[in-house]
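**Student:** Following the hints, complete the assembly by docking chain E onto the known chain G.
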Amino acid sequence: MIVKSLRETMLGMWSLLVGMKVTAVNFKSTQITVHYPREVVHSLEGYRGHIELVPSDEDPYKPKCIACNNCVRICPSACISLTAIKPKKKAAEKTEAPDSADEVKTKGKKEAPAKKAKPELESFVCDYNYCCLCGLCVQSCPTGALRYSSNVYLAGFTRQEFVLDLLSRLQNQAQKKEQ
Amino acid sequence: MIEAIPTQFIIIFVGLLAVMAFVGLNAIVLVYLERKVAGFIHRRPGPYEVGPPCFPHGILQPFADGLKLVGKQLFTPRGADSILFWLAPMISIAPAIVCFIVIPFGPHLQIVNTNVGLVLILAFTGINVLALCLAGWASQNKYGLIGAARDISQGVAYEIPLLLVVLSVVFMTGTFNLFDIADGQGAWPWQWYIFYQPLAFVIFFICALAETNRNPFDLPEAESELTAGFHTEYSGMGFACFFLAEYAYMVVASCIIAILFLGGFQGPVLPGVWWFLAKVYVLLLIMIWIRWTFPRVRFDQLLNICWKWLIPLAVLNLLITLAVIAI
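Just so you know, the protein sequences line up as chains G and E, in that order. With the numbering used here applied, the first sequence covers 34 to 212. With the numbering used here applied, the second sequence covers 10 to 336.
I should point out that these hints are in silico values taken from the structure, not numbers from a laboratory. Hints are supplied without guarantee of correctness; some may be wrong.
Straight line, CA to CA, 25 Å or less: simulated BS3-like cross-link-like pairs of lysine-lysine [what the hints assert, rightly or not]:
hint : chain 1 : residue 1 : chain 2 : residue 2
1    : E       : 317       : G       : 37
2    : G       : 95        : G       : 151
3    : G       : 61        : E       : 45
4    : G       : 97        : G       : 151
5    : G       : 119       : G       : 95
6    : G       : 119       : G       : 37
7    : G       : 119       : G       : 97
8    : E       : 45        : G       : 54
9    : G       : 95        : G       : 209
All values reported here derive from a predicted model rather than from experimental measurement.
So that you can see chain G by itself, here it is in the shape it has in the complex (with noise of 0.2 Å):
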């Protein structure tokens, strides 16, 4: 009895000085810390900022997205709204998807009805104001037409300056890339 107690006294004793041990080791390693405005992180890869479109393999001025508003119904902060237009070919049906009454505005259809009446996106809007950052979005697109942007440098004076058109801005950052 008192022997496994003045064991258990011991080794208490000693796990004192492996604690001590480690913050002197951690003590003497090198800092992480990256002094942000003389220097800056090497790679920004796995960042999670606000979503961003993925360009298409054939154009990189089209996204993958193919309208099917998963992310608009998913997004619990009801921060995306995309509208899509229905390519030139007369489509027979004209299926609403179920509008949540505020600024979810689709005219696109659940699914395309075969070959030729592929929805073609006309706009894409994330309120970032809203935004919880949850990535539902991301991992609920079926294409993989959505990813995180590597946006560290996202600031503003006002809340329209957060609500962000994607569509334009894939376009640019590909006119930028041509450039």
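**Tutor:** Here is chain E on its own, set in the frame of chain G:
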């Protein structure tokens, strides 16, 4: 007119002024040291960006902190006992300063050489418990009150093993005079009392941590439970006084440990003052290191450590010392 004043009086007066400067300087250095060590242990730089670039590594941080504290409004909460409330920080800081006048910083650097030096320090550091009790009681705040209650039971409990181990050193040396205790030890480490009384050293160090309310025994001001414990309601210089006092008591505790167990100002080659300061600062660094390593103990654990381990061990240590002396 100056002749009418006794010389001893003038010495004490000048000494007290010097000690106040020393305490202030120490607080500045220790605040900086504490935050830097904390930073390095967390693998970050600590305070870094204060003032113009000609002051690198944030060395102005303690001055900025000090200025902020001086500039803040002194605020008495409604329902507080304003006399006791403002008396408490003064009661806390004043004995801390008095403690320094009997400490021998070097062979020729001691303000008052009295043969009750050790008793004086133990007596005056005990007053701090009263100050914290008053602070917690007078501020009409539940956190303050709980903090004060914790501080009293902690302070009372840890005073006992502290006195018992001091007693074993005193029995060895036969004196309460701090200068004589330091002088009785040799210049080399194996002649210091830590080699005769290793258990006493460990017990004294733990008790010193508890008496100065340092982590892992900082229950009176446990941030996670009591916001700031006894000084929750204090702002500006009221808080600064407690803060200064805490660091001053840390320095006093380190000084006592250095004198009792590490040979005080004794050391080879270098003059005594530097040895003394080096020992004190190594001890302070260890205290800071401990603070950023261990989590806070629970209150029952705190009292169990004291009553079930430290006091029996201190008594045992005292008995062994007495037996060895008797033989």
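**Student:** Taking only the CA atoms, is the gap from residue 97/G to residue 151/G under or equal to 25 Å?
**Tutor:** Cα-Cα ~12 Å, so holds.
**Student:** Has the given pair, residue 119/G with residue 95/G, been kept, meaning a C-alpha gap of at most 25 Å?
**Tutor:** Between residue 119/G and residue 95/G the Cα gap is close to 15 Å, so the pair holds against 25 Å.
**Student:** Straight-line Cα separation of residue 317/E and residue 37/G no greater than 25 Å?
**Tutor:** Satisfied, since the Cα-Cα distance of roughly 15 Å is no more than 25 Å.
**Student:** Compare the distance between the alpha carbons of residue 95/G and residue 151/G with 25 Å, and conclude whether the hinted pair is satisfied.
**Tutor:** holds (13 Å)
**Student:** Is residue 45/E close enough to residue 54/G, meaning Cα to Cα at most 25 Å?
**Tutor:** holds (18 Å)
**Student:** Between the alpha carbons of residue 95/G and residue 209/G, is the straight-line distance 25 Å or under?
**Tutor:** holds (15 Å)
**Student:** Do the alpha carbons of residue 119/G and residue 97/G lie within 25 Å of each other, as the hint requires?
**Tutor:** Judged against 25 Å, a Cα distance of about 16 Å means the pair holds.
**Student:** Given the proposed pairing of residue 119/G with residue 37/G, does the C-alpha separation stay at or below 25 Å?
**Tutor:** With Cα atoms ~79 Å apart, residue 119/G and residue 37/G exceed 25 Å; violated.
**Student:** Holds or violated: are the alpha carbons of residue 61/G and residue 45/E at most 25 Å from each other?
**Tutor:** holds (12 Å)
The structure fails to meet hint 6 from the earlier list, while all remaining hints are met.
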